[in-house]
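**Q** Here are the chains, one letter per residue:
Protein chains: 2
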Amino acid sequence: MSNQLLELESFLQKDQIKTDEESLKYWGKDWTTYFDIKASAIVFPRSTEDVVALVKWARKNKIALVPSGGRTGLSGSAAATQGEVVVSFDQMNKIKDFSPIDQSVIIEPGVVTEALQEFAHKNQLFYPVDFAATGSSQMGGNIATNAGGIKVVRYGLTRDWVAGLKVVTGTGEVLELNNGLVKNATGYDLRHLFIGSEGTLGFITEATIKLAPVPPPMKVLVMAVSGLDAVMKIFAEFKTKTSLVAFEMFSDKALAKVLENTGLPAPLETQSPFYVLSEVETRNEQDEEHVLGVFEKCLEEGWVVDGVLSQSDVQATTFWRYREDISESLAKYSPYKNDIAVTISKVPPFMADLDKVLSTAYPTWEVVWFGHIGDGNLHINILRPEGMSKEEFVKECRKVDVMVFDTVKKYKGSISAEHGVGLTKKSFLTYTRSEAEIGLMKQIKAAFDPDNIMNPGKVI
Amino acid sequence: MSNQLLELESFLQKDQIKTDEESLKYWGKDWTTYFDIKASAIVFPRSTEDVVALVKWARKNKIALVPSGGRTGLSGSAAATQGEVVVSFDQMNKIKDFSPIDQSVIIEPGVVTEALQEFAHKNQLFYPVDFAATGSSQMGGNIATNAGGIKVVRYGLTRDWVAGLKVVTGTGEVLELNNGLVKNATGYDLRHLFIGSEGTLGFITEATIKLAPVPPPMKVLVMAVSGLDAVMKIFAEFKTKTSLVAFEMFSDKALAKVLENTGLPAPLETQSPFYVLSEVETRNEQDEEHVLGVFEKCLEEGWVVDGVLSQSDVQATTFWRYREDISESLAKYSPYKNDIAVTISKVPPFMADLDKVLSTAYPTWEVVWFGHIGDGNLHINILRPEGMSKEEFVKECRKVDVMVFDTVKKYKGSISAEHGVGLTKKSFLTYTRSEAEIGLMKQIKAAFDPDNIMNPGKVI
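In order, the protein sequences belong to chains S and F. Counting along the first sequence from 1, when you hit position 263 you're at 263 in my numbering, and nothing is skipped either side. Counting along the second sequence from 1, when you hit position 100 you're at 100 in my numbering, and nothing is skipped either side.
Same shape as in the complex, but just chain S (with noise of 0.2 Å):
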């Protein structure tokens, strides 16, 4: 070890330090595969003393800290690629105060978000953020790139739920910003600033998180709809008229790859380019009789074509499959992915421009389009033609991948609609953000991190 990182012992445990190889790849980097990953050791703070302590000795040294959550992102943010020192929130994972009162908990951030929901569940409380990566994410991580999800028609993302944190800064600083308030009118909302800011400003040591009170019975309902222009009534019709916690499309080609894969037998016997998912609480008879006209309205203005309702949990989830299943079923195409966003109602027309440059770039490839629609949220999907390497895709998609951001910016829409920017989306960064806004985050950077040691070279 250099005399750099043996002084890191005179503030830390030794078990705190790893500097071995298959330590170093293992948590130098997050689930993005593609960098050459470059880590000088890996420390495990326990406090947020360590962490101030820790981002001293760093200052002192021109030394850049990466830091590490659950590694579950897919922006590549939490990878080291420059000889770093990873920080790692693995041993501050404690549940630290509970109040049934406020709601809320207090919690250190490598608290894997399963653990928070399992912490709630035990509560009679909820903690509605929802996605694939729940069973590792840490809550750090999710606050550090505003995670969002499955249920964000209903319960928003991160961001609101997160009532305070407690973030050592680029000087060492401690900031307790918010303090778990509900309403507090007393300047700059900082807290906003660090979430979603990737560790670029500061290190989130604790944060405080409002939990909801458990939601009421759900019901799913799988539905072929005509065409994309129908798929947005019918979203406006359940936003409107029932409690709506999500609403997922998918078309033809994605769940015909998902019925191949998993052997289910098809949701409806009638053939559609596109299928709805929805899934709406229903707190009682009255309600559940509610839904079932919000549904039959769909049908006989003729949006939706077909469909079927759950009627138990188990149908519930068997129907979320054709939904979850898709990544999975499209997996051995090694496809191309983005993550995407534009305004709900922007979602046909951009679909049908995209479909259409890339029909005509690439006239034989096969698209495979689902998402969240109650959020603009698309993931696109490219499959690797038969016969083509993968190298020779790989090289192809950095074509695509303009032609998708070009799009992307006609519609004023966003390069990561809930991936981050990290490393991967970087330099597209000016496809959604003006060149006025990029400066100004360099400036705010420089505030928070003016020797630029906090997770240097990511986001900007």
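Check each hint, because a few of them may be wrong.
Which copy is meant is left open, so a pair is good if it fits within one copy or across any two.
To be verified - EDC-like cross-link-like pairs, simulated, lysine to aspartate or glutamate; straight-line CA separation at most 16 Å:
no. : residue 1 : residue 2
1   : K337      : E366
2   : K412      : E176
3   : K62       : E391
4   : K60       : D451
Calculated from the structure, these hints are not laboratory results.
Once you have looked at the hints, place chain F on chain S.
**A** Chain F in isolation, oriented as in the chain S frame:
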């Protein structure tokens, strides 16, 4: 007019500039009355381009600008006290676009809150941020102060309804922040920095505002409660088990003043130190029965001593008067007022602590409490003792300020729950925000407004 002011006519119409004494006084201030108003001119931009031209003119001439909305603020944020030019958004009051699918509107900042509420209503939607000044307050001001109000428990603050902002910074740059997107994980969310910044970073010239579905029918309960701890327990019960919209508390003294002033009959026969007004959504009869069940549990537990449920909308409106008429009923005592917040669970010890401090210093003074308990937002009112002159009382109240804010600080609360900082609370900001935070706020201010021309001297 000075040459500098004459220059305004090169890019504004004559009827967009006012310099007569009456106008200077009228547009030069908000609802606060104790500042000496000294405005140089009032200007009325009609477009983002007008605002850009104004900022560039101000920058060149080193003239300070004060933004002005409905002038209903209570912190002096829109008061011109140093010869500033006031930028009134009265002529930028159009609803420019409405999307029923996105359930959002694009509005100019001068749209009056009530006009937006009415527009939403006409389109079978709902704008839920609601407070006393909705008839005159403008949306730009609501956003700049992150207005709250009486339905925060259910619908959150103005912040939660802003999907996008167009702003002009202190350099004359136009930023389009978030473009109405639901999901957008592309770096620092500058939109949230502007919300609550009281015009010190730049001026809002357009906003995308989300609308909610029309709420179901409501029931209002008035309950006599045995003590503050019981208030907390009732809150937790209603918050987790019903669809709670408002949860307001007032003391027996507050109720007595309302009855005395309005001639309303007492809501309940039982006398209690505290009363709670709770508003809940009831979609159907089953919901209503469920709410009654929750109420009965609170009775059985002994938390509620007596209570009454509204049997009609007319009765619900009458019940609200017990809470809404408090301010007016206290007005003749020209009371000391403060708008403060702590986390909900800290309300009882905070109130007990402050009551003790005040009764020790002023044993004969009458302290009247009420507030939005569901957000930890308390309104403390101290009545001017009979025989004490206004001047003497105001002087004494400066000492009360320090006692109040010392106690707020002890409980990590907010010195301004929803009225902002402006001029009135600027010198107390350190009671809620740390020196480090204030230092960072100043650096952020300098990045957006390097010449310090955007509402200078306010907040920080």
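**Q** Which numbered hints does this structure break?
**A** Violated hint (a single one): 3; every other hint is consistent with the structure.
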